[in-house]
Structure formats: C-alpha cells, structure tokens
Amino acid sequence: MMSDALKVYPAKPEKVYFYATCLVDLFFPDAGLAGVQLLEREGIEVIFPQNQTCCGQPAYSSGYNDQAREVILPQLELFPEDYPIVVPSGSCGGMMRKHYPELFAGTPQQARAEAIAARTWELTDFLLQVCQIKLEDQGQPVKVAMHTSCSARREMGVAEVGPKLLGQLAQVELVEQARPAECCGFGGTFAVRHPEISAAMVQDKAQALLDAGAEQFVTTDCGCMMNIAGYAEKQGLPLKGQHIVSFLWDRLQAKDGGAA
Amino acid sequence: MSAQPIQVREFHPRVQAALNNPQIRSNFRRAMDGLMTKRTAAFAGWDLETLRELGAAVRLRALSRLPELLEQLEANLVQQGVQVHWAETGEQACEIIRDICQARGAKSVIKGKSMVTEEMELNHYLEAAGIEALESDLGEYIVQLAEETPSHIIMPAIHKNTDEISELMHEKTGTRRSHDVDYLTASARQQLREKFMRADVGISGVNFAVAETGTLCLVENEGNGRLTTTAPPCHIAVTGIEKVVEKLEDVTPLLALLTRSATGQHITTYFNMISSPRKAAEKDGPEAVHLVLVDSGRSNIYQDQELLDTLRCIRCGACMNHCPVYTRVGGHAYGTTYPGPIGKILMPHLLGLEDTRDLPSASTLCGACGEVCPVKIPIPKLLQRLRKEAVDGDSLQPSRVAGHGIKRRWLESLVWSGWTRMHASPGLYRFAGRMMGRLRGLMPSKLGAWTRYRSAPKPAAKTLHQLMQERSVKSQAVKQESKG
Numbered sequence: 001m002m003s004d005a006l007k008v009y010p011a012k013p014e015k016v017y018f019y020a021t022c023l024v025d026l027f028f029p030d031a032g033l034a035g036v037q038l039l040e041r042e043g044i045e046v047i048f049p050q051n052q053t054c055c056g057q058p059a060y061s062s063g064y065n066d067q068a069r070e071v072i073l074p075q076l077e078l079f080p081e082d083y084p085i086v087v088p089s090g091s092c093g094g095m096m097r098k099h100y101p102e103l104f105a106g107t108p109q110q111a112r113a114e115a116i117a118a119r120t121w122e123l124t125d126f127l128l129q130v131c132q133i134k135l136e137d138q139g140q141p142v143k144v145a146m147h148t149s150c151s152a153r154r155e156m157g158v159a160e161v162g163p164k165l166l167g168q169l170a171q172v173e174l175v176e177q178a179r180p181a182e183c184c185g186f187g188g189t190f191a192v193r194h195p196e197i198s199a200a201m202v203q204d205k206a207q208a209l210l211d212a213g214a215e216q217f218v219t220t221d222c223g224c225m226m227n228i229a230g231y232a233e234k235q236g237l238p239l240k241g242q243h244i245v246s247f248l249w250d251r252l253q254a255k256d257g258g259a260a
Numbered sequence: 001m002s003a004q005p006i007q008v009r010e011f012h013p014r015v016q017a018a019l020n021n022p023q024i025r026s027n028f029r030r031a032m033d034g035l036m037t038k039r040t041a042a043f044a045g046w047d048l049e050t051l052r053e054l055g056a057a058v059r060l061r062a063l064s065r066l067p068e069l070l071e072q073l074e075a076n077l078v079q080q081g082v083q084v085h086w087a088e089t090g091e092q093a094c095e096i097i098r099d100i101c102q103a104r105g106a107k108s109v110i111k112g113k114s115m116v117t118e119e120m121e122l123n124h125y126l127e128a129a130g131i132e133a134l135e136s137d138l139g140e141y142i143v144q145l146a147e148e149t150p151s152h153i154i155m156p157a158i159h160k161n162t163d164e165i166s167e168l169m170h171e172k173t174g175t176r177r178s179h180d181v182d183y184l185t186a187s188a189r190q191q192l193r194e195k196f197m198r199a200d201v202g203i204s205g206v207n208f209a210v211a212e213t214g215t216l217c218l219v220e221n222e223g224n225g226r227l228t229t230t231a232p233p234c235h236i237a238v239t240g241i242e243k244v245v246e247k248l249e250d251v252t253p254l255l256a257l258l259t260r261s262a263t264g265q266h267i268t269t270y271f272n273m274i275s276s277p278r279k280a281a282e283k284d285g286p287e288a289v290h291l292v293l294v295d296s297g298r299s300n301i302y303q304d305q306e307l308l309d310t311l312r313c314i315r316c317g318a319c320m321n322h323c324p325v326y327t328r329v330g331g332h333a334y335g336t337t338y339p340g341p342i343g344k345i346l347m348p349h350l351l352g353l354e355d356t357r358d359l360p361s362a363s364t365l366c367g368a369c370g371e372v373c374p375v376k377i378p379i380p381k382l383l384q385r386l387r388k389e390a391v392d393g394d395s396l397q398p399s400r401v402a403g404h405g406i407k408r409r410w411l412e413s414l415v416w417s418g419w420t421r422m423h424a425s426p427g428l429y430r431f432a433g434r435m436m437g438r439l440r441g442l443m444p445s446k447l448g449a450w451t452r453y454r455s456a457p458k459p460a461a462k463t464l465h466q467l468m469q470e471r472s473v474k475s476q477a478v479k480q481e482s483k484g
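Just so you know, the sequences run in chain order V and G.
For the first sequence, the positions run 1 to 260 when the UniProt record's numbering is used.
For the second sequence, the positions run 1 to 484 when the UniProt record's numbering is used.
Do not take every clue at face value.
Heads up, simulated SDA-like pairs for lysine to any residue below, C-alpha to C-alpha not over 20 Å straight-line [to be verified]:
hint : chain 1 : residue 1 : chain 2 : residue 2
1    : V       : 7         : G       : 53
2    : G       : 38        : G       : 49
3    : G       : 381       : G       : 402
4    : V       : 234       : G       : 443
5    : G       : 446       : V       : 189
6    : G       : 458       : V       : 134
7    : G       : 247       : G       : 273
8    : V       : 234       : G       : 84
9    : V       : 134       : V       : 107
10   : V       : 240       : G       : 445
11   : G       : 462       : G       : 444
12   : G       : 172       : G       : 188
13   : V       : 134       : V       : 252
14   : G       : 458       : V       : 233
15   : G       : 458       : V       : 238
These are calculated hints, taken from the structure and not from any lab test.
On a predicted model such as this, the values are computed, not experimentally measured, just so you know.
From just these sequences and the hints, can you work out the full model?
As structure tokens, then:
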C-alpha cells in the first residue's frame, strides 16, 4: 500500500497537469474548477489535457483488466512533460499511483505507467505538502465533518491532510464522528452488485456524520459524496456534502458576497 | 456436529436475511467494535509495522521452503514417536482419523477448536461412522448445541448474545435460564469435564508446526486444548500444510501478533507445545500422538506466485473484525467455513469459483483488512485477482482458479465494451459529456439498485472539459486584446 511507501514530495513546480476524473468532469465540475483555481492561487500554471476521460478504475476493479488497459492507453499519452499530475480524488489517484504499474507490468508501456504513477498526487495532499497552502477563512461559522475516502486514507496515505486544511479555517469547526476510518459503502460497482450491504453501510455512515453534529460533510472523493449525500437526500436527512476543494475555495470567497 | 448443509451459492438471500435481522446486526457490531478497540490497545507502544514485517517475512520464508520443511517436520516428529499422515483431500483426512479411532475401538472423541476439521466436516463424518464427537471449546460447544457452524474463526458463537445462549443451553442441557455468564460457563464446564474423562481420543488443531524441532504449538484460553491433547489416551492433531514454520524462534513474533490481533490479548491463558507421546517416566499425556497434514487445495494455491500469499494466514480473524461488510452481515451469510475477507480469498480455492462466485465482489476494497493483517496479506489485491478470474478479464494473465470465468456474462461484457469504446476515444467521451449536460433534465431518476436507497446524481450543465475550454478561449482573447 502507498501508505507503506515513503512519499517524496517534489519542489513546488511551475506547472502541473490536472486530471479531473470522470465523476468530477460530468457531475461535479465545480470541484474541478475549485481545484484548478486553488492551484493557480499558488502561482502554478494548470494544464488541463482535453483528451482526458477516465482512469480506468471501474473496469479494473470489476476484473476487466483488458478493457481497463484499452481505456488507459490513450490516457498515458496525456502527460508528456515531467510535471506533477494532480488528481482531486484519492480513488482515481490511487488507481494511477498504485495500480497502473501493476496493470502494465511486462508490457511496452511499463516504464511510462511507472513514471506517471510516480508523478501522481492527490490534490489536497499536493496543496498542503507541496504548495504549503495558507487559507484565510472568509466564511460564517459552520460545523463540518470530514469523510476521507478509503483509497485516500489507505492507498494515498492522506488521512491527516483534510483535517489539517480545515484546521486552517478559523470559522470552521471540524466535528468528530464515530468510526471515521470506516468505509461509506460506495466501492464503485459494489454499490450496485451488492446494493443491500452498501445501503447498510451508507446508512451507518450518514448517521455517524449527523450524530457528530455536522451541518455538512466534506470529502476527498466524489464517489463517496454521491453515495452519502445521495442517500441523505433520498431519506430526507439534513446532510449536504461537498468536495473538500469546493468547500475550501468557497471559504476563501465568501467575504465578497457568497460562494464563487 | 450435525450442521445443516449450506448452499454456498445462495449468497444474496442469506445477506438479505442477515441484514433484516436486528439481533445479528447488533451482536456483530458490538462484538467487532470491542475487538477492534482491544486490538488497538494491545499493540499500543509496539512498533507494529516492524512486527508485521517480521511476521510476514517469517511466513514467506516458511512458504518458500514449504515442501522441505514439511518433510523435516515429519522426520522429526516420527523420530519423537509421533505418527504422521498425509491427506490430499478433506475426505482422506476424515478417513485417516476414522481409521485411527476404529483401530483403537474408540467410541467417543473430544475436540479442541480446529477450523481445518470444520473445513472437512469431520464431525459429520465421525458421527456417520458411529463415533461421537463433542466440541470442547466453549464457543464451538454452543455452536454444536445449536446445530450451526461457526460464524467467526476465533469466536465461533459470536453471533449469539447471552440471552440466546441461555435459552439454547436451557433447551438442550437443562440448565436454568440465566444472564449470569459465570453460571452458564460453569454448567458447560461441568458437562465437558465428564466427557473429557471418558473420551477415547482427543482431536485438536495446530497453530504453528515447527519443522526444526518437531513441535506442534496450540494457542488457547480455556484449557480445553490442553485437556484434549493430554487427557484421552490418543491425541490426533490436524493441520493444513501451510501452518509449518522453520524454527522455534519464528513462533515468537507470530504468537505476539496472533493473540493481539485476534482478541487483543498480550498472551493467551494456555500455550501448548507438543512434541511426543507420553514418555516412559512421564505420568500423563497420551500414549499415542498422530499428526494429519491436510492439503485440500492448498498445494494448488501454492503453485501461483501471487495467490501463494493467501497461505501466509495465521487465522487470527482480525480481517473479519475490521471488515465493514462482515460486521453488517455476520459470518453465516458467507456460507463458507472461513467467512470475512480471508474467506473470500481462500474459499474460492477450496470450493472453486462456481460455488463462491459472489464472494470476491462482496467488498468495497476499502483495505481495512489488509491494513490490520498481522502477516501483511495483500487481501484487496487478491480479491482483485479473483474478480479477474471470475470474468476471465485479463488476456495477459490467463485464469487458473477452478471455475474461472463463471461470472462472465454476455450482457455485462457488452456493457463493458460500450463503456470501453466511450472512454477510449476522447472525442466521443467529450461529445457524450456535452449531451448529458444538455439533456440533464431528461436523465432518469431511477438507476437500478443505486436509486433504491439514493437519489440519482445529476449531470452538470457543463462538463469541466467545457468550462476549461471556455476559460482557455477567454484567456486567449484577453491576451490578444492586450497585444492589440
């Protein structure tokens, strides 16, 4: 697991590639835009390759490695320069960082897959550790719970990052939830292959967030967000979710009259 | 034991039944929460990562020399007076044990806790041969009374609370109904003591078999293991072939990891080291000791460099204690001898993927199991491998597990090829994204199983691709203007 490996952060670069992930692209582009703007605020030029689609994880985690490779092959061409690749997701980041090398081992693309893996960073980790970002809170007081995705926590080793970033915001109270490290039950296709187990898990997660006294939750991953917030919406629970970078960006803007 | 035969394949109905049972939900949640807390406390102050590395290294070293270590173990045990038997299948192991019993005219067997004998359904087999087999581990005793199977590999009756156990013992053994755990335990003890005195043969499992010294190690808390292996005149130890380690020193880190990972104990009440039958001048111990080495599919696993890691397992149960799926559905839902994450990666090899087809996908790949495994088995990676085997999904690594390809269905394959075509061609993908945004008002509010419990996600009016394209056009225009 990534968390076992030593992470060597690069020096703050002039340029990065932004790999949005398909969920951010299609359903939560505001999170992508917030991420781009936070990077630009650090003086970094953000390159958004227009040929990006999907990291291949849905097929890969379903056992369809051939299909995953077919989707990933053109994605390997997107990052010709030696810039870091920043991903607003622990899950897709983990796919690229940890599983690309496994998937392409012994193929002509092995070296490229390994190079891309080594340059892939989860966005909040990059903002905190590489950019040393400083956030000035402009928002109203709010109680927030953080859900770090399992892949962000265990594959990318960034469990501490979200709370640290939120800790910089003076008006934001991060509330403690029961069993913070427990999975929300998303698991990609798991949610539809084993819907009843998934429902039992997300029910408990939503309850834990509410019991913590959270007015809203933030998360590293849009998969978890769709799961938890989608469940809360359907059940009529007062629990909204936001990608953590959308939340951070909003907190920086609020002074001039509302979110960007 | 007269457990009901279980239809392994009926995974979904059993899951549904378990989820609908509030008793199961709360019994497991409470028990697993307690076990996780105890484990964390037990490892406080330890350099756990280094210890896990050591545990993994010990197991890997043993597995890398498995054939020769097994022969060394046999030679040493034989020299010390232990009779060693090899069984290729569970059935053969049952036959060997039955033959030993019959040769001694044995009518009654007392058993210590042993998952490998559960795996081969030894109790059934012996009963059919007219030999009574009584479980002496308290949890196994309860499970046997209830005519069930263990729901956890360390705590077989963890699915039952005190109420249920009290009722069961009242019904089957005539104890009075009581919430007093000490009373219930004492009653069970009383009944078991009598059986120990009369038993012709004691059967136990093995936690570690040390090749260099010919030592069988048995870890337990209740003393029933010691009685099983010493009171009856004959002791039969049964183990899977993977439990062998090289040297006595290897046991130290494994034992430290096992007890803390399993129950959060620094050490168990009993740790037995068995190396021979009673010697001439000794006052106690069995006159005959046998070891049955069971393969039962393990050497198949051994042939594959990646799957081999499955055999590192020291059966601590930490993976199930930390598994969010196991915690919700309990052990019986799996329908297999070993439940939870280790069951999902082990049972497909023992039973074939045909019978276990729904197990590899029943995980979010959250990684909690791999994180706590004391010997660092990469459980999520092995689940991933079995998913691939189930659909024959990788032309670069041909499938080899029995029953592979069972989940490959034309409809799902069709869905994946459509998905692949879309995402392998950036232009098509961008076009589809724009269309989804434009037609977002027409998107279905029902999306199969997803929307049974959740609202449907709504596509954004514009994709990030579009937004970034517009931004770049805008900034180009600004540049042009400032130039002009």
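Each hint tested on the structure:
1. Restraint check: the Cα-Cα separation between residue 7/V and residue 53/G comes to about 19 Å, which is no more than 20 Å; the hinted pair holds.
2. Restraint check for residue 38/G and residue 49/G: satisfied, since their Cα atoms lie roughly 18 Å apart, inside the 20 Å limit.
3. At roughly 19 Å between alpha-carbon atoms, residue 381/G and residue 402/G fall within 20 Å of each other, so this suggested pair holds.
4. Taking the CA atoms of residue 234/V and residue 443/G, the gap is about 17 Å. The hint holds against a cut of 20 Å.
5. Straight-line distance between C-alpha atoms of residue 446/G and residue 189/V comes to about 16 Å, which keeps the hinted pair within the 20 Å bound.
6. The straight-line distance between the Cα atoms of residue 458/G and residue 134/V is roughly 33 Å, outside the 20 Å bound, and the hint therefore fails.
7. Using a Cα cut-off of 20 Å, the hinted pair residue 247/G and residue 273/G holds, with the two alpha carbons roughly 13 Å apart.
8. With a C-alpha separation of about 62 Å, the suggested pair residue 234/V and residue 84/G falls outside the 20 Å cut-off, and the hint is violated.
9. With a C-alpha separation of about 42 Å, the suggested pair residue 134/V and residue 107/V falls outside the 20 Å cut-off, and the hint is violated.
10. Restraint check for residue 240/V and residue 445/G: satisfied, since their Cα atoms lie roughly 19 Å apart, inside the 20 Å limit.
11. Between the alpha carbons of residue 462/G and residue 444/G the distance comes to roughly 18 Å, so the proposed pair stays at or under 20 Å and holds.
12. With a CA separation close to 11 Å, the supplied pair residue 172/G and residue 188/G stays within the 20 Å bound.
13. Restraint check for residue 134/V and residue 252/V: satisfied, since their Cα atoms lie roughly 10 Å apart, inside the 20 Å limit.
14. Between residue 458/G and residue 233/V the CA atoms are separated by roughly 13 Å; this keeps the pair inside 20 Å, and the hint holds.
15. For the suggested pair residue 458/G and residue 238/V, the alpha carbons sit about 19 Å apart, so the restraint of at most 20 Å is met.
Of the numbered hints stated above, those contradicted by the structure are hints 6, 8 and 9, listed in ascending order.
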